[in-house]
Structures are given as C-alpha cells and as structure tokens.
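Generate the whole structure from the sequences, applying the supplied hints.
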Amino acid sequence: MDAIGMVKRQSFYETPSPAGLKGIWAWLLTRDHKRLALMYLWAIMLWLCIALLIGLSLRIELMWPGGTIMKAETYNAMFTLHGVIMIFLFVIPAIPAVFGNFFLPIQIGADDVFFPRLNLMSWYLFMFGGGFAIISLFSGKGFPDTGWTFYVPFSVTTKTNVSLTVTAAFILGMSSMLTGLNFITTVHRMRTKGMGWMQIPLFTWSLYATAWVQLLATPVISITFVLVILERFLRIGLFDPAKGGDPLLYQHLFWMYSHPAVYIMVLPGMGVVSEIIPIFSRKSIFGYKAIVYSSLAIAIAGSLVWAHHMFTSGISDVSIFVFSLLTYLVAIPSAVKVFSWVSTMYKGSIQMTPPLLLALAFIYLFSVGGLTGLLLGAAGTNVYVHDTQFVVSHFHFTMFGGTGFAFFAALHFWWPKMFGLMYNMKRAYIAVILTTIGFIFHFIPMMILGLMGMPRRYFDYLPQYATGNFLAGFGGFMIIAGVGLMFTNLLLSFREKNLAADDPWGGTTLEWSIPSPPPLHNFVGVPEVKSFPYDFSMVGKDAAPTIQTRETDERTS
Amino acid sequence: MNPVKTIDQAFWYILGVSLVLLVGITVVMIAFTIIYRRSKHPDSADIRGNWKLEVLWTVVPTLIALSMFAVGWSSYTGLRTVPPEAMVVEVTAQQFSWLFDYPGGKESEGELVVPVGKPIRLNITSVDVVHGFYLPAFRIKVDAVPNVKSYGWFLADKIGVYDIMCTVYCGTDHSHMTAKLRIVSDDEYRQWLQKN
Chain U
1 MDAIGMVKRQ SFYETPSPAG LKGIWAWLLT RDHKRLALMY LWAIMLWLCI ALLIGLSLRI
61 ELMWPGGTIM KAETYNAMFT LHGVIMIFLF VIPAIPAVFG NFFLPIQIGA DDVFFPRLNL
121 MSWYLFMFGG GFAIISLFSG KGFPDTGWTF YVPFSVTTKT NVSLTVTAAF ILGMSSMLTG
181 LNFITTVHRM RTKGMGWMQI PLFTWSLYAT AWVQLLATPV ISITFVLVIL ERFLRIGLFD
241 PAKGGDPLLY QHLFWMYSHP AVYIMVLPGM GVVSEIIPIF SRKSIFGYKA IVYSSLAIAI
301 AGSLVWAHHM FTSGISDVSI FVFSLLTYLV AIPSAVKVFS WVSTMYKGSI QMTPPLLLAL
361 AFIYLFSVGG LTGLLLGAAG TNVYVHDTQF VVSHFHFTMF GGTGFAFFAA LHFWWPKMFG
421 LMYNMKRAYI AVILTTIGFI FHFIPMMILG LMGMPRRYFD YLPQYATGNF LAGFGGFMII
481 AGVGLMFTNL LLSFREKNLA ADDPWGGTTL EWSIPSPPPL HNFVGVPEVK SFPYDFSMVG
541 KDAAPTIQTR ETDERTS
Chain F
558 MNPVKTIDQA FWYILGVSLV LLVGITVVMI AFTIIYRRSK HPDSADIRGN WKLEVLWTVV
618 PTLIALSMFA VGWSSYTGLR TVPPEAMVVE VTAQQFSWLF DYPGGKESEG ELVVPVGKPI
678 RLNITSVDVV HGFYLPAFRI KVDAVPNVKS YGWFLADKIG VYDIMCTVYC GTDHSHMTAK
738 LRIVSDDEYR QWLQKN
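These protein sequence lines are chains U and F, in that order. Using our numbering, the first residue of the first sequence is number 1, and each one after it goes up by one. Using our numbering, the first residue of the second sequence is number 558, and each one after it goes up by one.
Note that these hints are calculated values from the structure, not bench results. Heads up, some of the hints might be wrong.
[Unchecked claim] Label pairs and their calculated CB-CB ranges:
no., chain 1, residue 1, chain 2, residue 2, range
1, U, 142, F, 704, 41 to 49 Å
2, U, 318, F, 715, 30 to 38 Å
3, U, 46, F, 737, 41 to 49 Å
4, U, 244, F, 660, 26 to 34 Å
5, U, 425, F, 609, 34 to 42 Å
The C-beta atom is built at its ideal place from N, Cα and C for all residues, glycine as well.
Following this line, the structure appears as structure tokens:
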C-alpha cells in the first residue's frame, strides 16, 4: 500500500483516450471501456428512476377503485412505458453495459474490449434508441398503449405511435447485439497469458453465456418488430387472419426472443452474486464448474421454452406438453446455483456489508421468483394464474428482486473500484432494508391478488380486489424511498470523499489487484493469474479484518 | 373427475414443496450468516466443492421438477377432456364485451346463464383483437383469438354468480370487459331461455 502510495497515480479519469481529447469530448468520443461503462451507468440510472416513478404512479392509481389520478388511456400508456423502459433500457442493458464493460476486460487481464470503436457505437445506439422512445411518446397520435409485448392484432390496429416505439426497441436491440459480439470476441481473444477457460471469474463467465443469447436471440425480435411496422404501413397480412395470417405467429416470434431475454436479464445478475458471496465469506465459491456449466445450460435450455407464455393461446396440447417439460428442466441449473451460493457460506468467515446484504436479498427474492415460476410452468396451474397479477408479481421477483437487486449489489460492490470512493455504510444498510421490505410489501399482495383471480394490466378492478391493491401502494412508496436513499447515499460519496483502498473487501480476482480507480491501461505489468480464481487460502489471516479505506489522496499529491 | 379439484391438488402440491424449499434455503442462509460471522469465525475453511453433494442436489430437484410437471400435466388434461354430454355455448369476444350464443338461437351479452349440474362446453373466438376468457372459479382461461376456434369446459356444479374477466390486454376498457356467469336451477334456466 505505502509503496504504491508514494507514486503519483493517474486514473483513467485523468487520462483521456484517445489522447488529446478535452472536456466533454474526452467522454463523448472515448473508446475507453471504463468511461463508456460510466456513461452507460448515468443513462441507465436515469431511466431506472423514470421507470420507477411511472411504476409508482400506476400503484397510486390502483390504490382506489375507478379513476384516481389518471384515465384508463393514460394508465394503459403508463404501464406500456414502464415495461418498455424497464425492459429495454434498464434490465437488459444494466449489468452487462455498465459492469460488464467496466470489469469484463479487467477480470481477464485485458486492456480494453476487442472492438473499442464498436463499443462506442453501441453506446450511441443505446442513446439513440432511448431518444426514439421519448420521441415516440410526444409525436403521432398519442402514447403507445399496447403493453411492452406489442401483441397483434391490437398493436397493428391501435392508432397510437407504435411504429416509432418498436423502432426504438429495434435500435436498442442492435446495441445489445453489438455489445454481446464484443464480449464474446474479447473473452476468446484477449484473455491474458495463463488464463484458461477454468480460470475465468464467474461474472465474466455469466456475461459470456449471456452474450451468446444476446447475439443469437435478438435478431428474432428485431425482425418481428420490422414485421409489425410493415403490417402497420403496408398491411402485408402476415399476422392478419382475414388474409390467411396468424396472430399466434407473432406471439411465437415475440417470445422466441423475449423468453431467452429474461435469461439475458438475470444471468449477469447471477454472475454478480457469484462474485460477492465468496469475497465476503472469504472462501472459495462452492462448485465453480457447476456454476459455469449451469450458466451455459440456462443460456441453451432457456432458449427453448418460449411457448410457456402461450399455454392458453390455443397452441396444440403436444406443444404444451413439450414446453412445460422443458420449462421444468431449465429450473434445475438455477437451483444448482442457489445451492452453490448458500454452500459457499458454509464454514466461511462472513463479513456483513451492503453488497453482501443485497446479494442475500437477491437469493431470497430470486428463490421466491423461481419457485413461483414452478406454478407457472405446470400446464394445469398455469391456466389459472397466467395473465393475472400473479405473473406480474412472479416476474418482478425475478427481474427486480433478481436483476434489480443484483444491479444494486454490483453498484455497492464495485463503487469503490470505479470511483475510488467509499459510501456511507449505515445509510446504505437502511436503504437496502427499506427497499427489500417495500418490495415484499408491494409484491406479496400482488401475488395474492393474482391467486384471487385478478388479471394483469387492469386499470380498474372488482370490489374483492380493493384491499390488496390499497396495501400494495404502500410498498410502492417504500421502494421509491429506499432506492432514492440508496442512490443519494452513493452520490453523496462524491462530496464526502472517503477514499477507498485498492482492495477494500479482500478480493482475489484481477480487478482488486489494480488501483482504485484504475489507470487508463488497466495493468501496469503482466497480470498474475491464479490457477483457481477464488483461492482465498492466501488472503487468510494477515488480511485486514475490516473494510479498508485510504488515509490520504495520493492522486492529488 | 372435476378438473377444479385436480388443478387445486396440483397447485397445493407445487406450492407446498416450493414453500419447504424456500424456508429451507432461507433458514440455512441466515443461520450461516450468523454462525460463521467473521467476529466469531475468523478463519474460513478451504472447501471448493463436493461432487457427491452436487450430484445429489442436481438429481433430487430434477425428480421433484419432473413430478411437478407430471402433476401439472395430468391436471391440465382434465381441462381438455370435455364430457360428450356437455351443453355447447358459443362465446364471442369483442372490444369490450362478451357475447354468448345458445343452441336454440338465444343470444345474450355480458351474462352467461347455465343450468346447474351440467358440463358446459364453451367454443371461444374473437371478432377483433386477442382477448382472454377467464372464469377463475372454475380454473379455466382460454384466449379468444380472431379466426381461431378454441374451447374450454366446466362443470356447473353449484348454483351461484361467478365473475368472468378478460385477461389479454385489449385496449382502453380492458379492465371493464367483464361478464357474469349465473348458474341457476333447470326451471329458472328454461324461463330465462324463453324471455324475449
């Protein structure tokens, strides 16, 4: 520590890449994966906040029967927006684009991704896509009101601005594909000397498995969206029964991407948890290979289960049999991961920190999400709960309780590395607890409403559903308060300037072997690769028992 | 057998096993966090895996999952096997109401009236966008897709009034696209049929 402290440290913040760029251009034209990651971070956090507030407005509307603060048309547009923004602008890109961009190259000992320029282009596509989404709201004949699923024939016949919204999703898909392509190439071609496949950290492994799904599944949705646009303008009749088309074809095409997409969303989150649990248990991950293979199994099997969204749609009973069976098989690798995480803690030396608390909340909430998925996977029970509030609750447990909490965990885990700053622990704990309790308070009533038979996407409801909807509203407010406090606390670290040590948690993967924040060229020397990435036997006793922060700011010395 | 019963059994089976698993995972996780906290347990063991345990927790969940699949599938077959003596009602969905056509030419909107004790077959379709016919009390849900004839059935075993709702988002008044199922005595049913 002290030896390094003497030397003037130049982080990537002080070194523009390419050299010579100044001010805002050092960001807007950068090819540095770390700068791009941060540019994604701010954009994605902004989208998350917008979508959360839209979600809150839905919840307030539902607290009382009938119209409370908006009309049915507005409500329908709002839940569409909430879904489109959350899915395409937060959950899918969040972890890969921010933490993947920042840490994938570092974890494999590389200087940058394989295609830095393409990486910059992905960011611009992401921003253009987001911009298009905004334009689609305020142009044409009103807010899109189809739900994020854009089901035909409704999406073809509604007068609202669906074409522009799906164009936005198309552009965002390009961004996602290019990022996937970049990650795959980087993992294949840029690993440092000595890093074989079984030395790759699990976060990078999860991104690698995800990247293949991004690359192979996204074109399906892109083509589908083009078909919706063609249908709207040219009436080609592909989905129109009057012209011999089939609305179910659309549903197949849509879910052929959108179900694999839920694994695009959750796999990177699982990767984050696989990093956090060992570090704070100071113990090797339990069953490294099982976790690697289960990531791949989820990526492959998850691509073959899409029609379980369509059990009531009129598809044949044979398809239902096959897809229900495959759906159950995809549950196994997720279960293996959960068991491995919990076993990692066995005989560990566990230090509670905000990232660990978030990771444990992830395991609990994701387990609820996964187990409620079992009711949805079985054909007979699926028919009862499909398209009800139960489904909405289920996928919020996996997408928000899963990916969302993993995103929060990653933020708290890597914040000191990305900015060289430590946040206030006490405020972080309060925020995490508030968010978790709010989450449960919000989505458990919703789950019960679903079991009572309340369908989803309902602006108004029958009297028996009033109590549950009223209660869920309070959970909504708590979530907003929790996330608000969490982000405020993180941002306050810029003012409080508690400097973080290079390795505040005692980690073993390569990102903890370099300065916080990292220099432009991530590694000064050749990174030293361990034969097993989670070997804590050397960290043992001499490592500091508590979280390390730096006393002085060497960077300005 | 009445599919309502088999579906509920499948439901409780899956829910019960899931709850046991959830409680197990959560309790073990919290227990480890407390027992192995760094202040009490400063040195961690170097355990990297245990293939026997890993095989066990792959095989056992697979068997559990397959049993759930089987239970779910067999309860589903009940929904698809319509008794031959069932009375047939044609159901047509439109933005934003339900139309019911009876064998004798009788038509009603927003109200499905059937005699008690009979199995009822519903042939379901839509004239505009996709809708979803949902009768939670009898555990049936069938999407109404334009140009597609789908079906569902239920045993009208108890006199009463039940809710019918639309489950596939279909536009502005989606949440108001409801109807009532009235199961009535034979006499009342005959009287209702003859009314206009």
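Can you tell me whether the CB distance of residue 142 (chain U) to residue 704 (chain F) sits inside 41 to 49 Å?
At roughly 28 Å between Cβ atoms, residue 704 (chain F) and residue 142 (chain U) fall outside 41 to 49 Å, so the hint is violated.
Cβ distance range 30 to 38 Å for residue 318 (chain U) and residue 715 (chain F), holds or violated
Because 33 Å falls inside the window, the suggested range holds.
Check the following: the C-beta atoms of residue 244 (chain U) and residue 660 (chain F) are separated by a distance inside 26 to 34 Å.
Distance hint for residue 244 (chain U), residue 660 (chain F) holds at roughly 31 Å.
Would you say the C-beta atoms of residue 425 (chain U) and residue 609 (chain F) sit inside 34 to 42 Å of each other?
holds (39 Å)
Range hint compliance [Cβ, residue 46 (chain U) to residue 737 (chain F), 41 to 49 Å]
Given about 46 Å between the Cβ atoms, the range holds.
When held up to the earlier numbered hints, the structure conflicts with hint 1 and nothing else.
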